[in-house]
Amino acid sequence: MVWFILRRAGSAVIVLFLASILIFLGIRALPGDPAVVMAGEEASPAMVEAIRHEFGLDKPLLAQYVDYVGQTLSGNLGRSTQDQLPVADILAERLPVTLELSALALLVAIVVGLGAGIVAAMKRGRLPDYVATGFGLAGLSVPHFWLGLLGILLFAVTLRWLPASGYVPFTQDPGQNLQRMILPALVLGTGFAAILMRQTRSAMLGALSADYVRTARSKGLSEAKVVGAHALRNSLTTVVTVLGLQLGALISGAVVTEQIFVIPGFGKLTVDAVLTRNYPVIQAVVLITVIGYVLVNLLVDIAYAFLNPRIRLSGGGHG
Amino acid sequence: MSLLEITDLTVDFDTEDGLVQAVRGISLELGEGEILALCGESGCGKSVTAMSVPRLLPPDTTRLSGSVKLDGRELTTLPESRMRQIRGKDVSVVFQEPMTSLNPSFTVGYQITEVLRRHEGLSRRAARDRAVELLELVGIPLPARRIKEYPHQLSGGMRQRVMIAIAVACSPRVLIADEPTTALDVTIQAGVLDVFRDLRDRLGTAVILITHDLGVVADIADRAVVMYAGRAVEQAPVTELFARPRHPYTLGLMNALPSAAVNGRLAEIPGMVPSPLTDPDECAFQARCTRAQDDCRRKRPQLEPQQPDDHLAACFHPGGQS
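Chains as they are written, first to last, in the working numbering: chain A, 1 to 319; chain B, 1001 to 1322.
Mixed in with the good hints there might be a few duds.
List of simulated lysine-lysine pairs, DSS-like, C-alpha gap at most 30 Å [unchecked claim]:
| id | chain 1 | residue 1 | chain 2 | residue 2 |
| --- | --- | --- | --- | --- |
| 1 | A | 225 | A | 123 |
| 2 | B | 1069 | A | 225 |
| 3 | A | 225 | B | 1089 |
| 4 | B | 1148 | A | 225 |
| 5 | A | 123 | B | 1089 |
No lab work stands behind these hints: they were computed from the structure.
Based on the provided sequences and hints, a complete structural model is requested.
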């Protein structure tokens, strides 16, 4: 098991390394000379040269890359061109907001998606199944922005149950924070829940017709045990796969959702940075996203091993 | 009074093609410590008959009538919660597929202790000790190590033994074994059959052995019921059945057994099994039968005592009269 985790972690590091090269080269490949841009239009060639030297842009590409990696590892992600604040500080402020939003959305997705999927599979071909698959299809088809606007219209404008938008840090006022986060989390979690519901349903249908479930019934176990332990345990591999794949989509979903609800998170930071060509911030945002993906995939691989004794005991790859 | 009494059991399944008549009125008894073989080809209703005892047929599509009594207690009308107390405790099942009947995500030990904890209320530790004993009982070497392993680490024969250990964990009155040796190598088959014999001798467990393999029947069963198209066509103590098979179908099955002495093609039974959707008033076997006459096509023969009278056959023209 330890060996398995080490191997997976090792390949994750390699992916990160390759990604850092891509990010580095990607920024360098953008049109325009950053030194010229920074120096301004009226700068003399000598000033441009001075800036180029100051930022190390006259060094060979490889040396520049080594500098970049060294700086990044020591936590220096550069300064935002917009307000000259350190990018690391900006991330430290924005990232937790999005992590909270994503965690809540994930919670919604797991509770609703997993629950509805299990019930739909148990009541296959009957009313609860039709209701769940119907809502699942709707949840899958509805875009975030439309659902978000509809949610604001209903809960904030008509019913006046929740504030329409804005953000209050959790540390400042947990109640206010949750009140403002609940609607965005529901909106962000809906599509996720729908996908999870469908996958859980089909995995559970497969598991429920498996021979080992019949064995479990023949032991006289309660239906809760048959479904909750025997069938669900073998469906979790599918669920974890979907979770892993969709956590990436959660990031892009967060971009839209934060925009609608005016939440100062990672997604909104990304959009603003792109709109103002704030390269240091974009670079950092891409890097963080890559790290997020790699971490999630690592966790999924480890979860697989925990769920599937065949992987765990052989210490090998999938299979 | 018999341990298990099945009276006039019929089982139909709702399917898209209509009502499939899997079992068309069967009655049989099982005594304590008896090994009863239910034999016949695929689709003859032998598994369905046996699975209706612990009520393990899909509830949505199954229509069942008749009576199943265990120790005089009617099982067909028992509430599901009471039935769950009987499954795995008084009536347990060994399924046909050892490769897929164990849950791949749980250890062998867990899958055995689960049933002990459910019915015997044993503590975790006591259940564990008992699981080790059970594995030893079914002939698995190094049981203390095996209980920590997962099904994929065991061979097919080992898994079938684990299934049997689960089934006998709570010393059931009736053990239903559905083709328990079919998926196994011949060398392992004999060992598994020995386990059943041993259990019967030690615990007095009655066994319903579902099989299409007459060799297995001859080896282990006390009495056999031959089924065809949802009905019993012949029933007799095993030595008597093999000495004087009366029903032409039984005879056909015996002639279809491969034998080392005879070279060439196996004797097969010509024709096909009749449709399970319709049930005309005739002998279901007449279309394939060499002895069939007009009366076989006009009326269905009933199961009636022959000589000796514990030998029953449903045939107007029984053979093998001594």
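Structure-based check of all given hints:
{"no.": "1", "hint": "A:225 x A:123", "in the structure": "holds (16 Å)"}
{"no.": "2", "hint": "B:1069 x A:225", "in the structure": "holds (27 Å)"}
{"no.": "3", "hint": "A:225 x B:1089", "in the structure": "holds (17 Å)"}
{"no.": "4", "hint": "B:1148 x A:225", "in the structure": "holds (21 Å)"}
{"no.": "5", "hint": "A:123 x B:1089", "in the structure": "holds (28 Å)"}
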